[in-house]
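Trainee: The opening position of the sequence shown corresponds to residue 626 in my numbering, with each subsequent residue numbered one higher.
Calculated from the structure, these hints are not laboratory results. Be aware that one or more of the hints could be misleading.
Said to hold, decoys possible - Here are the in silico distance ranges between beta carbons for each label pair: (1) Trp811 with Thr757: 35 to 43 Å; (2) Tyr726 with Lys813: 20 to 28 Å; (3) Pro782 with Val676: 24 to 32 Å; (4) Val721 with Gly751: 20 to 28 Å; (5) Ala734 with Pro694: 23 to 31 Å; (6) His807 with Tyr726: 19 to 27 Å; (7) Pro628 with Phe805: 20 to 28 Å.
To be verified - Here are the simulated EDC-like cross-link-like pairs (lysine to aspartate or glutamate), alpha carbons at most 16 Å apart as the crow flies: (8) Lys702 with Asp678; (9) Lys813 with Glu801; (10) Lys702 with Asp645; (11) Lys702 with Asp679; (12) Lys702 with Glu783.
In this text, a Cβ means the ideal position worked out from N, Cα and C, and glycines have one as well.
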Amino acid sequence: MMPSLDQLLLQRRSLRSFSDRPIERGILDRMFEAARWASSAFNEQPWNYVVLDDPASDARLRVLASMEPHNRSWAEKAPVILASVAQLGFRGRGGVNRHAYHDVGQANAHLALRAAELGLTVHMIGGFDHRTAAEALGLSAAFDVVALMAVAYPGPPEVLPEPLRVREVAPRIRREIGEFVHFGVWTK
Numbered sequence: 626m627m628p629s630l631d632q633l634l635l636q637r638r639s640l641r642s643f644s645d646r647p648i649e650r651g652i653l654d655r656m657f658e659a660a661r662w663a664s665s666a667f668n669e670q671p672w673n674y675v676v677l678d679d680p681a682s683d684a685r686l687r688v689l690a691s692m693e694p695h696n697r698s699w700a701e702k703a704p705v706i707l708a709s710v711a712q713l714g715f716r717g718r719g720g721v722n723r724h725a726y727h728d729v730g731q732a733n734a735h736l737a738l739r740a741a742e743l744g745l746t747v748h749m750i751g752g753f754d755h756r757t758a759a760e761a762l763g764l765s766a767a768f769d770v771v772a773l774m775a776v777a778y779p780g781p782p783e784v785l786p787e788p789l790r791v792r793e794v795a796p797r798i799r800r801e802i803g804e805f806v807h808f809g810v811w812t813k
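Working from the sequences, and respecting the hints, build out all of it.
Mentor: Here you go:
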């Protein structure tokens, strides 16, 4: 039986301990199919993904080098690094799509929930040099890297250094709804 959306939301975690089990292309395709159905402004669908699954590829090594060292230390162990990329302009109508980052974020969330359903973890990474990553991927100025993602089957937390191991197994803490929802007017 498929898990409910509530179960997936609670199950999804940004882990740092990864199994070295390879991820089959069909599994990635199912994740991208979920991303494909995200909503977007004017149905522009500005999301693009670069799959870095060859551990020795120049692009993967350069993207890993673009990460802050504390992220690279665990991300490099993931069998797949994804770069989510936004097309910054509208295709047909011209002009800047100021919703592109939001729309790619929605696609990323769809992808991460599908990954959780399939037993994988997706750890979003924002700590990286955007220019270096974009150059490593060969992007033109019409595109920008929104987030990098380490994708893997979960591994044992015991392999992580102490501070990361503690964070890996700690309960997730979320703000209460009343802290971020405002009815009628802004209340802060």
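Trainee: Run through the hints listed earlier and report the numbers of any the structure violates, in increasing order.
Mentor: none
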